[in-house]
Amino acid sequence: MRRDDAHQPTYADVNRDVIGTLWTPSPAYFGWMSIVGLILTAGILAWTWQIYIGMGAAGKRTPQNWAMYITSFVFWIGIGHAGTLISAILYLFRARWRTSIYRGAEAMTVFAVMTAGLFPLIHAGRMWFAYWLLPYPNQRYLWPNFRSPLVWDVFAISTYLTISVVFFSVGLLPDIAAIRDASTGWKRKIYGVLALGWEGTDRQWRHYRRAYGLLAALATPLVLSVHSVVSWDFAMALVPGWHSTLFAPFFVDGAIFSGFAMVLVLIIPMRPLFNLYAYITNRHLDAIAKLILVTSLVLTYFYVCEAFTAWYSGDHFERASLFWKATRNYAWAFWLQYFCNSLVPLVLFSRRARIHPPTLYVVSILVLIGMWFERFNIIVPGLGHDFYPYTWGIYYPTLTDTLIVIGSFAWFFILFLGFIKVMPSVSIVEVKETLPHPLKDPHH
Amino acid sequence: MIARGQRLSPGSRLFLAAIALAGGAAFVLGVTRAAERTWAIYLINLVFWSGLAVTGPAIAAMMELMEARWSPGVKRIALTTAGFLPVSFVLFLILFGGRATLYPWVTSPIPVKAAWLNVPFMATRIGVGILVLYALTFAFVRAGFRQGTADPETERRDKGRRAALATAVLFLYVVVLSLFGFDLVMSLDPRWYSGLFGGYFVVSTLYAGFALLAVLSVRANATGLAAIPPAAVQDVAKLVFATSTLWMYFFWSQYLVIWYGNVPVETKFFLRRFFVDPWRLLAFVIFVVGWVLPFVYLLKRLTGRPPERHGPLVLVTLLGLVALFLERVMLVVPSISAGAAFPSGLTEMLITAGFLSLFILSRDWFLARLHA
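Quick note, the sequences are listed as chains A and B, same order.
When you line the first sequence up against the numbering used here, it's residues 3 to 446, in that order.
When you line the second sequence up against the numbering used here, it's residues 859 to 1230, in that order.
One or more of the hints may lead you astray.
[Unchecked claim] Derived DSBU-like pairs (lysine-lysine); straight-line CA-CA distance at most 30 Å:
| # | chain 1 | residue 1 | chain 2 | residue 2 |
| --- | --- | --- | --- | --- |
| 1 | A | K292 | B | K1096 |
| 2 | A | K189 | A | K423 |
| 3 | A | K191 | A | K434 |
| 4 | A | K434 | B | K971 |
| 5 | A | K434 | A | K292 |
| 6 | A | K423 | A | K191 |
| 7 | A | K434 | A | K189 |
| 8 | B | K1017 | A | K292 |
| 9 | B | K1158 | B | K1096 |
Hints in this document: simulated from the structure, not taken from any laboratory.
For reference, chain B alone in the conformation it holds in the complex:
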């Protein structure tokens, strides 16, 4: 059960709201002055934070279907990231304004791919996909929080409903996240393609989701929001290990085939990112911080008694989240402009901080509504 009254302090909320506003202002100014860079960082943040928001309930849906009983507390913590979904939907509507800046095929259609890469179809499939996914996710989240509060007969009925909703959420999760990969990111460079890119996007987002869940579980214990036993935290750590390794496996499955095949239309994607600075250095940082460090640390946690202190786990998973954010940067920015610099300007920082603030505030709002 999630305890009552562990919300952010008014001061913190005000501070985060101010940052979110500053991020919004930076975005408006950026769009008028450096549209390409601004829309790029907007897209990166949008897919990253929206992915995180929807992955929490998707993890809870997996636990529901597998009848996982190892920690009801973890499942409830996972549901709380849904708070960002309404915000995410609005932010997706705003993304429509950047279509011509981000996607070259909007202004110069590619005839052979025009049946897929056209604005009405893409806007419809992404829009409808998100709308239905978010609506079902909210229904599942509501049903999830009702669990354990009703009489046995209602509980039995609810269980079937939760299972049906969980199945639908997971199905749509994979479809919509794959569309994020194929449509929102891969089509930034409409000539390049990789059949696994959609799956890669799903797996990397799952890794981010489990990493966030580990952080939130430990934090929920620290603030008294929930009482999650060390064994359950250990299990989350194992799943972070599994998804991080799966992420690297999906990356390697693409990289090796493309490197070995040496077909120019495919290799140009990696040439830009692994052989030209600053992306070469960034790729190395992502590899070490996002996979090597978590692998080395979490391997230790696969066996043995779960520790009582989780500081190293929080550090490693936070680093993993940072690496995954940087990975999104590396996927998006070089596709938009071959000579683009790493997006480290004030505008980009403020927009990113704004998204982070919105994510925290919306989750806080959601927790408050939960206890209202």
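Bound-form chain A, shown alone:
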């Protein structure tokens, strides 16, 4: 049934359609899993190669030690933002359209942060010493500088991951119970354990609602805090192009922007794949597209302010850094960023574009490319042209780090593809709340 001619689903339809997404996968699903699995394997092999050879295999040399890994780290943390925004802030503001997309967005958040978390490990090289990154007290003299924004990052991101996972898990409980009740055999046992004894009693619902509201309130400040802290990894340094008061809100806005683009990349194929036209409607696409448009305009405002300040400061190094980015080795990446993030989303002023899935898909992919390059343009050209000519340097990607970055996308998608086959990708409970209550006798 296509959405355009779909009738409003009933409670029984919701159970059937959503739980139906979990049963035996189609050949197309296995096909996608195989492709993504192959790419992930290539990424894992590249990482193994890097561990064997050393960081030089990834093209890391001064001044470009951060290069693609930290670019990808910031990118994936950013992707995680839309989930919290949809789950927490739109929940508090009673935006009911969020109900059929928030589950996918929350899963996306958790998996994106898990993907981001890989990069400090990959970047550190000897990942078996990864526990050195943890900010435990100073007895081993391994963590001398608690004033470093990198330590703030550890706290901010681990808090974010914890709250996101708890929020996600709590929201899943009633739905897991619904699947348990619709399953048989070993599946029933597993979902029974995961449902934590949920029976849907009044008392359970009362506690559930209170917990969900509190978690939403707790998660809301995290939307601002996480990417602000990530931005300060850069802004606290005095590197030209980095030391900017703009960075915190600029990063947060960019994160929400790219997060919503990723939401579209995930939910647009889910509609035909699982026949979810009755739940993910044009209204949802329109609302998300509007949010992408607004965040793009705000981002453009920050781009203008950033360039203006670099010039207005009168600081020779700030001006030189901006000029170098815009005209020299990385100019293509610089202008690609503006094209993808500022120009392309303008098509969303048209309502027809906002509800046209192919257009939305292309826009979303371009936004994701643009946002990855935005982080690249901060990190690579920023470090490549600072105060002293002898520290200048150009970065050339290698097959190893390119495969690892591409592999991270495969890792993310494999997690998501796995998720949509074991858990309901649309919230059964909250979608039902938006529907009229079923009547004993529908004719009265």
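Model the placement of chain B on the given structure of chain A, informed by the hints.
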């Protein structure tokens, strides 16, 4: 719908007009005797009250674009602050007379920034920006008040026009308010810069706008000017909470980066304001009154049933407005003179009271024209 005939009494109007005249006289006298202090308080009042006037319609424009249906009454109340805009435009023309007193780069240009900081360019961009913004705002306000009075076909056409006007108003609002921040305030100290200052100015003005909207909504209910349900007042309160927190976030984003970077050209701005009295004390007062108190009270209003009585909300938002006015004082005065005292003289009080009177009178005039 806004009810008819709830204007100020003739006595009140006369009283406010007298204060406005006294403010004008104080300004003229002040300019001849203590030009720096007088122009400083004039600038503070001008950006504060003009910001408030244009933010009401900007909030209505946001509601228009988001198709917010939670309270048409609140949207109409928001539109009424536009009454001050013609007055504001005239007052901006007067500001041109104070350019050499306020802005050191007028008499001692900074070569590296001269392409931006020169009188013709600045006067043109601010003048044209304000003119176009105010004109579009008035067109939007007119269209907004027509809403719901026409036949369905006209209404459908009007809806598209309102959406186009709302988009243009919001776009220009952000641009012009950012210019207020960058040009009118930041360039008072032309060596200091912060990329977020324009955005900070927009966000702090939005906070002031929502705070005023909360006060006006409650007052409109009390005087019978409108019937705004408690749930809608609660929603305005939530937005005051959101903007107040955003304001503090934008402040912190600047402060932390500058403090941590410890670059003299940047830190001097905060050293003057946070480490030297009377500004140190003032900064503390602004922080507590402008953010801590609203945060603590409004946090309670994020959830739960909306109360029927709104006295505490009015008090908290009025305090927020006072704090934001003081914040403008703190932004402007130390930039003009490092050793300047807090502007609490009779001249400054009268000029500020004059602006307040003009704001109330012009809104009253606007309401009267609305019902004419």
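Checked hints:
no.	hint	verdict
1	A:K292 with B:K1096	holds, 22 Å
2	A:K189 with A:K423	holds, 13 Å
3	A:K191 with A:K434	holds, 25 Å
4	A:K434 with B:K971	violated, 60 Å
5	A:K434 with A:K292	holds, 25 Å
6	A:K423 with A:K191	holds, 17 Å
7	A:K434 with A:K189	holds, 24 Å
8	B:K1017 with A:K292	holds, 18 Å
9	B:K1158 with B:K1096	holds, 10 Å
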